[in-house]
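Q: Single-letter residue listing:
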Amino acid sequence: MRGFARFPGACGFARSLRALAAFLLLFVLAFGLRTAQAQEPAGEAAPAFAEAAPQDLAGIVAGMRDADLSGLRASVGALGALGEVEALPVLQALAAGTLNQSASGAMAIRIGPDRFVEAATGEPLEAASLGALKALRINNALRRDIAAVIGGLTLRNEDPAVRRSAAAQMFASPDPANLPLLEEALAGEEDSRVRRLMEQARAAILLRGGSASAEEITQAAGILAARGDRASLGLLNGALASAPEAARPALQEAVAKVRNRLAYWGIGQNVWSGISLGSVLLLAAIGLAITFGVMGVINMAHGEMVMIGAYVTFVVQNLVRTHHPGLFDVSLAIAVPAAFLVTGLVGVAIERGIIRWLYGRPLETLLATWGLSLIIQQGVRSIFGATNQNVGNPSWMSGAFELGGLTITWNRLWILVFALAVFALLLVVLNRTFFGLQMRAVTQNRRMASAMGVRTPWVDALTFGLGSGVAGLAGVALSQIDNVSPNLGQGYIIDSFMVVVFGGVGNLWGALVGAMTLGIANKFLEPYWGAVLAKIAILVFIILFIQYRPRGLFALKGRAAEA
Amino acid sequence: MADWMGLSGRALLAGVLSASLTAGAAFAQEGEPIKVGILHSLSGTMAISETTLKDTMLFLIEKQNAAGGLLGRPLEPVTVDIASDWPLAAELARRLIEVDKVDVVFGCWTSVCRKSVLPVFEELNGLLFYPVQYEGEESQRNVFYTGASPNQQAIPAVDYLMNEEGVERWVLAGTDYVYPQTTNLILERYLKDKGVAAEDILINYTPFGHSDWQTIVSDIVAFGSTGRKTAVVSTINGDANVPFYRELANQGVKAEDIPVVAFSVGEEELSGFDTAPLVGHLAAWNYFMSVDTPENAAFIADWRAFIKDDKRVTNDPMEAHYIGFNLWAKAVEAAGTTDADAVIGAIVGLETPNLTGGVATMLPNHHITKPVLIGEIQDDGQFFVVSETPDLVPGDAWSDFLPGSKDLEADWTDPVNCGNFNTVTKVCGAAAP
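Going down the list, the sequences are from chains A and B. Everything in the first sequence is counted per the numbering used here, starting at 1 for the first residue and increasing by one. Everything in the second sequence is counted per the numbering used here, starting at 564 for the first residue and increasing by one.
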């Protein structure tokens, strides 16, 4: 129960609200709850109620019914003039799209599925009694206004985190009108982190305002140079044109300083993007490094295994959503083994059904698996439909964090971790397990292995299943950054072959180095040449490279190479 | 790269997969059925968008048949699958007209598809209704463009950003093919005419199906941090949009800071992902499912009943087919025959209500009048209309902002009767770029 305070005065339309308010007052008094502000007695007429601009909360909220965007804009402004405790819930609801007007005449804030409170009073409302609801819609300009007003209202909040976000908001949309408010808050601020943000916000406002003295601007330039991000650079650049002559050197110096810092971090950002792209390539290619690299099967349906893995993720996530919504954040962890098993079994089936008849005939294998890839695509399209499927990002994979001047997105970071984990696991399986030993034996010398009692057909099937299963794992990861559609695999098949051929056929380390090299090279070329040319350049580079080293970066040597 | 592979691969199998699905039984009308060709991709990259349009046509035909057909004759759909393979599209268009003897064809999505089938329709004198927004710079006697031309989508969207959001710096991001290239050419010219400096425009192209947007989104953020309002005009097509928007959301690019206005993202595309992080980004279309008119409500209800899915969305190209189909039906009734020449003669000037409360008129240049709506993405995958042109905008075949085409007009009525009439030299067919 929220301690709402101010009651509507005697305006005609607010009679029912007044009754509610009287009830609320009784309630509040009876239970001794803390109310935020002193209130007028419920029945008393408010003095000289202005028709044009209702200034109390209930009046403003009621005025938002059927308001157009400019009307809502005025309401937001009026709410900003009220106190934080009163106006904040309504503003936040409006921003979040949870403020509804109901057919019954109430303005209701949705606080949960089928749970509503009256916007002005915080009184719980019976969902059934509301009738048809219509959410109030806002546009970008209004969203900016609301954020700015909320920032202004919460500058003096008790919680430092709220004050920080308020100051950050002031920095993001510097408005000279907020300067007195900000300086007042700054004077009373004790938390050093909030203080620093507020000082930055003040600097932003001074630079944006255009009426600051040279001394103030010099000081502001220093503060922003220390902050040193792109937003600061924008503000400094913007101020350069209109600044007084005396402040110009300080501004120029600050701009140069921030530029240098950004250029330095820019290289880091490119490396990070490259590693991230490399990890995606590695995931996509590592299964192929087994089926093509180790077994020598040109598997054009490899991309479709990735796609099936992504669809398994989709199905698992849907099941989790419907049966155990609380487990949504771990749905990916459930999808990982499921995708591995499903695609692994599909892989075994493909090997047993098609590929084993075609060993030693690469052209036929290529055509057969290509045809298979089209059949799988169309099959998935028939079952799930041609449209993209919605695979959600769990909360721990959304958003980004700043590391110095780098912006690192969580989903990319986790995919990198996942790729390296899969890679390490695969190395262990190949080099440290009995199955791995058999697998290596069969690929190095099939007849000898067979003579030693290894059931080569089963090793073939399991190896192909392993490669396909790993491709399915890649699908789980890719569902987080790409479309889950029947075309998903096509986008990766060529890249995967490039990585394996470049890295060296038959070598997992080659796949790792190849993927990272191609990823980073791509990301360093892209800013200069554009995405299209960068990709072409990489392809040309690989073609030339293969001329000199036909077996790739890490060529197998000795008897293994003959297999 | 993957697409070359995919496309040629599909070419191989297209013959196998593209079985002509002759669906829909004729009802009780008398007479020989009128055949309606449906030429869309039901497999391959474009299936994601075009399958819905095939269903829309079946839906419209079923409705027309239930209402007694046309000229007292039933309509019969002839569906082919062009498998996202454009040379195959030309072959299948020829087959539809020569072998199946269809009276009209509704189809294509991409401009390259339209360009591939265009010579066939010209040669065999068929009729094609093309339902998707496109780059303009074309008007052909046998083709009716029921989607938006650039002046019905791109230009009003840029105007909105410039006037309402105060945008001064522009990123024109697109997929690397003819529609984004031409649209961006027009927009660049238009922006420069409006006084935008060359260094305030960043043009960026990406391959089809591009999935790693880290660098480009970082570039956009960098470009947008000069302290002046920046917006992205996106002609990114198809599958590449989901990873693009995901990267935007993850890197924290909010619509309040750098809005993205898209010309190829509609309700259907948004149904594939969680739109909560995208709230406030924009799209410009001539129809939104959220438009509140009785016609639209009825259309959505009928469509959902037909497709047996009460969550199915509607989108702009569907409305374009709805308008195109109704205009063709009216023209056939006016001409009293399905003969191509008679229909071409009768259709110009005909009107039919669109779904947003206006009227679509077939213009002499074979484009139609449309309202232009700008919508902001909401968290339920729908659009909230934030701007609507006060009047209907007539489609312009030849852009007024490109030096090569600003003097050209298309007029398929007498006395001009040509698709590229030069209003300065008064010669037909001159100075086509």
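Possibly wrong hints are sitting among the right ones.
What the hints assert, rightly or not - Chain A residues, not near chain B, derived (Cβ > 12 angstroms throughout): (1) Pro124; (2) Leu281; (3) Val417; (4) Arg549.
To be verified - If you want a taste of the chain A side facing chain B, the calculated C-beta under 7 angstroms gives, among others: (5) Gly131; (6) Arg137; (7) Pro176; (8) Glu183; (9) Gly234; (10) Asn237; (11) Gln378; (12) Glu402; (13) Arg432; (14) Ala521; (15) Lys523; (16) Ala531.
What the hints assert, rightly or not - Calculated pairs, BS3-like style, for lysine-lysine (alpha carbon to alpha carbon, straight line, at most 27 angstroms): (17) A/Lys257 - B/Lys792; (18) B/Lys664 - B/Lys893; (19) B/Lys626 - B/Lys792; (20) B/Lys874 - A/Lys134; (21) B/Lys893 - B/Lys598; (22) A/Lys134 - B/Lys664.
Keep in mind that the hints were calculated from the coordinates and are not lab data. Positions of the beta carbon are idealized from the N, C-alpha and C atoms, including for glycine.
Q: Give me the numbers of the hints this structure contradicts, sorted from smallest to largest.
A: Violated hints: 2, 5, 7, 8, 12, 13, 14, 19 and 22; rest satisfied.
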